[in-house]
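Novice: The opening position of the sequence shown corresponds to residue 3 in my numbering, with each subsequent residue numbered one higher.
For the record, the hints were derived by calculation from the structure and aren't laboratory data.
Note that the Cβ used here is the ideal one computed from N, Cα and C, for glycine as well.
Hints are all accurate, no fakes.
As a list, the in silico BS3-like pairs of lysine-lysine whose alpha-carbon atoms are at most 30 Å apart: (1) Lys147 with Lys85; (2) Lys85 with Lys241; (3) Lys241 with Lys10; (4) Lys252 with Lys85.
Simulated DEER-style distance windows between Cβ atoms: (5) Tyr187 with Pro112: 30 to 38 Å; (6) Thr37 with Glu137: 56 to 64 Å; (7) Leu4 with Lys252: 40 to 48 Å; (8) Glu159 with Asn114: 29 to 37 Å; (9) Ile139 with Thr37: 51 to 59 Å.
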Amino acid sequence: MLTSQRKKLILDKLAAAGQVLSRQLSEEFDVSEDTVRRDLRELSAEGLLQRVHGGALPASAAVVTFSERKNVQLDAKRIIAKKGAELIAEGQVVIIDGGTTTAELITFFPRNLRFTVVTHSPSVALGLADYPLIEVIIIGGQLYKHSLVAVGAAAMESIAHIRADIFFMGVTGIHVEAGLSTGDYAESCIKRALSARAAETVVLASAEKLNSASAWVIGDISMVNTLVVAADTSEQVLKPFAAAGLSVIKA
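Could you build the full structure based on these sequences and the hints that come with them?
Specialist: Listed below in structure tokens is the structure:
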């Protein structure tokens, strides 16, 4: 079998099963695991999959600008965001992550509800400027331009003094075994720190984020309490998340 044929079969199996294991591929193709790992490494370099221990997962969306990502799955993001906004109660302290789904989340905040938002996203803070009952606290630091959020030591120091009720976390990939991931190292550190300062972590996930992975791990799946997804997400996809103890809400 030619290398190109083997790689195509790997991608076909990945699309069908949601993951591939090096050992199984080695046995099926009758090649060494080193050969399989080389194939996976080359496919990963092309952005076609994400290597994980023992195999590979679908790669989450390629890193593009915030404005480009904002229009990906936009209708689904709005529906999911609307459902997420319903989780907020009077008087709570709510951490809002940066990202395209959380940008939609704030548009569904009720204007008659009094609560506090803590965010390291300047765009989230500005979006809430005309909400008279929402107090906004901004975490400062170095601006990471890809996601328009503050990162770095100053941001981490500020986060250490927060005690919040809910954290709405943005991710590029969520998988029961591979956990939560994102495309930037500094962002992964910030997200992990924010989650540690909240009683509950909520992930709003459109279809392309489910069962996919990116290079930088935020944490394992136990970090998440609630997962909000589109109503048409199949039970087969959601079953592992529910089995892992997550409260799964369909929008």
